[in-house]
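Protein chains: 4
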Amino acid sequence: MALSAGVHSVLATPFRADESLDEASLHTLIDYYVAAGVAGVLVLGVLGEADKLSDAERERVQAGALAQAAGRVQVAVGVSAASTALTAERAVAAERAGASAVMVAPPAGSVAGPVLRDHFRRIGERLSIPVVVQDLPAVGGVLMPVQFLADLAGELPPGSVVKLEDPPTPRKTAALREAAPALPVFGGLGGTALLHELAAGSAGTMTGSALPHVLVEIVAAHRAGEPERAKRVYEAALPLLLFEAQPVIGLGLRKEILRRRGAIADATVRQPSPPVDEQSLAALGELLEAAEVPA
Amino acid sequence: MALSAGVHSVLATPFRADESLDEASLHTLIDYYVAAGVAGVLVLGVLGEADKLSDAERERVQAGALAQAAGRVQVAVGVSAASTALTAERAVAAERAGASAVMVAPPAGSVAGPVLRDHFRRIGERLSIPVVVQDLPAVGGVLMPVQFLADLAGELPPGSVVKLEDPPTPRKTAALREAAPALPVFGGLGGTALLHELAAGSAGTMTGSALPHVLVEIVAAHRAGEPERAKRVYEAALPLLLFEAQPVIGLGLRKEILRRRGAIADATVRQPSPPVDEQSLAALGELLEAAEVPA
Amino acid sequence: MALSAGVHSVLATPFRADESLDEASLHTLIDYYVAAGVAGVLVLGVLGEADKLSDAERERVQAGALAQAAGRVQVAVGVSAASTALTAERAVAAERAGASAVMVAPPAGSVAGPVLRDHFRRIGERLSIPVVVQDLPAVGGVLMPVQFLADLAGELPPGSVVKLEDPPTPRKTAALREAAPALPVFGGLGGTALLHELAAGSAGTMTGSALPHVLVEIVAAHRAGEPERAKRVYEAALPLLLFEAQPVIGLGLRKEILRRRGAIADATVRQPSPPVDEQSLAALGELLEAAEVPA
Amino acid sequence: MALSAGVHSVLATPFRADESLDEASLHTLIDYYVAAGVAGVLVLGVLGEADKLSDAERERVQAGALAQAAGRVQVAVGVSAASTALTAERAVAAERAGASAVMVAPPAGSVAGPVLRDHFRRIGERLSIPVVVQDLPAVGGVLMPVQFLADLAGELPPGSVVKLEDPPTPRKTAALREAAPALPVFGGLGGTALLHELAAGSAGTMTGSALPHVLVEIVAAHRAGEPERAKRVYEAALPLLLFEAQPVIGLGLRKEILRRRGAIADATVRQPSPPVDEQSLAALGELLEAAEVPA
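Chains as they are written, first to last, in our numbering: chain R, 672 to 966; chain Z, 672 to 966; chain Y, 672 to 966; chain D, 672 to 966.
It should be emphasised that the hints constitute simulated quantities derived from the structure, not laboratory data.
One thing to keep in mind: the hints can contain errors.
What the hints assert, rightly or not - Counterexamples of contact, computed for chain Z against chain R with all Cβ distances above 12 Å: (1) Gly735; (2) Arg793; (3) Leu911; (4) Asp948; (5) Glu949.
Claimed, not checked - Computed beta-carbon distance windows for the label pairs: (6) Leu814(Y) to Ala676(Z): 48 to 58 Å; (7) Pro898(Y) to Pro918(D): 40 to 50 Å; (8) Gln818(Y) to Ala853(R): 48 to 58 Å; (9) Leu814(D) to Arg894(Y): 55 to 65 Å; (10) Leu814(Z) to Gln818(R): 28 to 38 Å; (11) Gly825(Z) to Ser691(D): 22 to 32 Å.
As the list claims (entries may be wrong) - Where chain Z lies over chain D, by a calculated footprint (3+ residues, C-beta under 8 Å): (12) 725–735; (13) 745–759; (14) 788–798; (15) 873–882; (16) 937–945.
For each residue, glycine too, the CB sits at the ideal point set by N, CA and C.
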């Protein structure tokens with residue numbers, strides 16, 4: 672089944688204060704996103720600290736998310752790894768467990784070319800669910816030109832999409848939509864360019880914002896043909912969307928938002944990770960107080 | 672003389688369609704920023720395409736800016752180079768020509784340590800005007816920890832400051848203010864975090880936004896003890912501030928804004944540089960129509 | 672027990688042509704290195720394609736290596752991971768399984784400072800075996816200054832060492848030996864600078880060369896006070912040491928050497944990985960024919 | 672006129688102890704390389720600290736080199752800059768001054784594609800002398816695939832070549848020779864892979880070794896159809912070639928060799944630059960004593 676257009680929220684992985692996996696919070700977290708009206712959730716992405724987990728913990732997150740979602744929303748699973756073999760193994764396991772899609776980023780140090788194309792092709796041929804190709808050069812350093820991405824589409828299972836996070840994203844979204852009209856493109860990067868990505872032809876966004884209801888409303892307004900409403904909601908939310916998307920401390924800020932909203936019990940980030948500073952916590956508090964979705 | 676608190680605008684360098692230096696536009700550009708009420712302008716920074724100019728062109732930009740500013744605002748000059756010798760030569764020439772300050776970034780590939788500290792010290796001892804230390808790891812890749820910057824202050828002429836562009840900037844601003852209370856810190860990065868940088872103790876911003884009146888009003892409101900007004904203006908401007916600050920096409924977008932506002936005759940960027948796409952130009956047009964500073 | 676001075680060989684992980692783990696070849700590989708007279712072997716390092724393995728495969732490699740070594744040589748295990756929690760979990764498991772030491776590299780994106788220091792400290796306090804701190808900025812991008820490394824020594828179990836691969840290595844080896852005389856330093860980088868590292872005070876090398884007998888003889892000559900012999904062997908081996916250490920294809924070349932020498936059954940590298948070209952295979956053949964350790 | 676096959680030595684720029692340009696040493700340096708039998712010299716490359724010089728100093732180096740070479744060897748001039756305009760201006764000036772060729776590297780941050788191709792095309796159409804395309808991703812970070820380089824050939828003046836420094840160089844040399852048989856390829860990287868580059872089809876090397884007579888002999892032996900002699904000389908020289916090519920301190924080591932051999936008066940490197948350490952100087956002394964070209 673294809674991925675629904677709209678908002679797919681990338682989930683943080685909840686930990687207790689001792690950094691152990693908090694599956695109870697994973698459940699409430701999923702309920703939080705479902706209640707916000709998202710089309711799907713994505714576990715074990717960059718924001719989910721996937722590379723900080725053991726394989727056993729990954730499996731618990733995957734199983735917990737699928738069980739708690741219980742078909743209410745689509746569940747995609749990040750399976751990126753340094754080898755084709757390990758990525759494919761994880762992808763096949765995710766499909767068997769019931770995932771709606773798997774997300775695959777190019778291994779760090781790859782170069783857009785035939786070897787990388789084979790990586791995606793070999794993974795794709797093991798699957799019947801869609802692949803989300805993650806185009807995020809800031810992590811891993813791999814630049815994938817528009818034509819390379821467009822060509823990949825032919826190698827992947829039906830319904831596969833690109834999660835485009837190579838800024839400026841509106842420009843590349845428009846170019847990729849033109850080069851491969853049948854390939855859906857989703858935005859990312861915290862939704863900070865969501866309005867412009869939608870205008871450029873994106874099908875929605877897959878991102879880790881702790882404010883999913885805002886993203887849902889923006890996409891809904893856009894799809895309902897109400898650009899003014901989409902713009903109003905986007906602009907009202909932008910100060911907070913931008914603040915929570917800061918480098919280094921962004922994950923800690925988002926977990927703090929989720930904690931304050933009752934979605935998770937504890938804002939702990941796995942170490943090593945610099946703590947969120949007092950200055951930023953205070954600013955976050957003010958932003959949260961002020962930020963309400965306009966009626 | 673010390674650099675004034677407030678807004679110092681980093682100037683684009685205007686070119687004609689044939690990419691030759693357009694000194695007439697440099698004059699109107701300076702008038703545009705002076706009219707916006709900035710405390711100073713800074714020529715030959717990253718946004719000024721300084722490394723795309725010959726030494727002779729640099730000198731023409733410096734001379735033209737100083738003559739046109741004519742003491743109405745402070746004029747700082749970017750003098751960064753790969754060697755201490757060349758940086759110092761440029762800095763001394765800028766001081767002789769009448770610059771209020773010089774900006775120096777660490778040479779690409781430097782490591783924060785005694786060799787880099789000597790670089791700044793040797794430049795500083797040739798000068799009586801302040802040095803603006805540019806802390807922009809995204810260009811050049813040099814990480815300068817808070818303590819390294821705090822220690823630099825003792826090596827530099829009186830009134831020297833840091834232009835802090837190592838995100839998250841509010842966090843580092845607060846930390847540097849605490850480590851070196853006598854060292855003024857300015858923000859940058861297009862003013863996209865200006866409100867939070869001011870809250871963290873910044874003295875203002877030195878940045879290349881094409882919307883200087885907005886930045887001026889935010890700083891003025893903050894300094895007047897009107898945080899609600901500062902916040903309102905900042906949040907109203909954020910969609911456009913963020914849009915014009917995009918990577919890759921940001922310079923072209925800002926030159927287009929300046930052209931539309933009559934500040935320069937032509938939006939040409941020196942090649943090689945990817946063109947601004949239609950999608951982004953259209954979005955810019957809509958943003959500009961909508962964007963007005965709230966009364 | 673402390674790590675012995677001398678040569679600790681970093682092992683490739685053998686795969687069959689279908690990229691599955693080849694444990695039989697792991698056994699012959701260990702015998703190959705033991706026969707060469709190394710002091711130890713290190714599994715699951717960068718050359719071991721550790722990040723291309725599942726946790727279950729890692730465990731099989733660790734168990735297979737320990738069983739086959741059977742106390743004939745020391746066995747160190749690479750346990751680097753993006754989180755303190757996962758690194759510590761792997762390290763504790765390695766100690767329990769009987770490893771002589773664990774190797775830990777700083778997580779990618781870390782900055783030398785208190786947060787990273789805590790990472791090493793927390794791992795160290797869970798262990799009684801030594802930690803090998805891997806200083807390899809080319810992978811992960813983390814620069815660790817001499818003083819940071821020297822200070823780390825106080826946080827780690829007795830006998831911990833640094834595997835120094837931040838070129839130029841002779842210079843940093845000498846500086847670290849001076850800053851922390853009690854902290855043993857080993858070289859790496861394929862042994863291409865081994866002679867100079869020994870002169871600078873290194874205790875030996877931990878590296879992935881497929882030619883361990885050469886490295887063993889160089890270190891033995893050096894320790895026997897026969898510098899001329901050490902130099903002669905090093906210089907005779909350098910053409911091949913340098914050739915097998917090439918970027919991108921180095922792993923494939925080393926596996927090919929090991930295959931030709933009967934140490935493993937197949938030279939397969941896990942995908943995605945560019946194939947070794949004909950040109951380089953031919954050159955390798957000629958080098959191998961010519962290369963004999965001088966009597 | 673085309674560039675001669677063989678060795679083109681990249682020249683260091685000599686400075687006095689006070690870091691001022693030492694033109695007298697530039698003259699003796701050129702004589703040193705001419706006496707070694709090189710086909711050409713190249714000034715203002717990376718090793719020449721070109722980006723540490725003012726435009727006026729660049730012009731003095733170019734004029735001094737051309738005058739002193741006096742037609743005895745070809746003289747190529749590095750003209751790389753961040754803009755097409757400045758690069759072309761420098762290139763045209765070099766041709767007028769009598770240079771045999773100009774070297775152009777892609778501006779840092781470029782992406783192999785139409786915009787970069789235009790950069791080279793626009794420079795090339797202003798020239799009648801050949802362009803040396805520098806393919807050195809370690810500086811500037813630009814990856815240029817084989818096909819991109821092959822296609823560039825059609826945009827450049829007759830006789831243009833590639834200076835290929837994207838390791839592993841033998842592999843890429845062979846691939847580029849196959850993709851564009853009419854495009855000569857030279858090696859670089861200190862000649863440390865010269866033997867293998869020649870075997871892969873290179874026309875020689877353009878590099879900054881302080882030991883040009885060795886490189887000349889290797890190429891001569893190769894072209895004379897005496898592979899055994901080429902191999903013997905290469906392998907005898909490798910310990911020193913590799914040592915002088917070390918990162919960070921390589922330039923200082925080469926200047927020290929040149930000083931000891933009387934080619935320049937002073938080994939000063941422009942600051943900021945870490946000093947060569949005692950350990951490395953001592954090792955250099957031993958290597959120089961031992962290193963003699965086999966008769």
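Each hint, compared with the structure:
{"no.": "1", "hint": "Gly735", "in the structure": "holds (31 Å)"}
{"no.": "2", "hint": "Arg793", "in the structure": "holds (32 Å)"}
{"no.": "3", "hint": "Leu911", "in the structure": "violated (10 Å)"}
{"no.": "4", "hint": "Asp948", "in the structure": "violated (5 Å)"}
{"no.": "5", "hint": "Glu949", "in the structure": "violated (8 Å)"}
{"no.": "6", "hint": "Leu814(Y) to Ala676(Z): 48 to 58 Å", "in the structure": "violated (35 Å)"}
{"no.": "7", "hint": "Pro898(Y) to Pro918(D): 40 to 50 Å", "in the structure": "violated (26 Å)"}
{"no.": "8", "hint": "Gln818(Y) to Ala853(R): 48 to 58 Å", "in the structure": "holds (57 Å)"}
{"no.": "9", "hint": "Leu814(D) to Arg894(Y): 55 to 65 Å", "in the structure": "violated (43 Å)"}
{"no.": "10", "hint": "Leu814(Z) to Gln818(R): 28 to 38 Å", "in the structure": "holds (35 Å)"}
{"no.": "11", "hint": "Gly825(Z) to Ser691(D): 22 to 32 Å", "in the structure": "holds (28 Å)"}
{"no.": "12", "hint": "725–735", "in the structure": "holds (count 3)"}
{"no.": "13", "hint": "745–759", "in the structure": "holds (count 6)"}
{"no.": "14", "hint": "788–798", "in the structure": "holds (count 3)"}
{"no.": "15", "hint": "873–882", "in the structure": "violated (count 0)"}
{"no.": "16", "hint": "937–945", "in the structure": "holds (count 5)"}
In terms of the numbered hints stated before, the structure departs from hints 3, 4, 5, 6, 7, 9 and 15, listed from lowest to highest.
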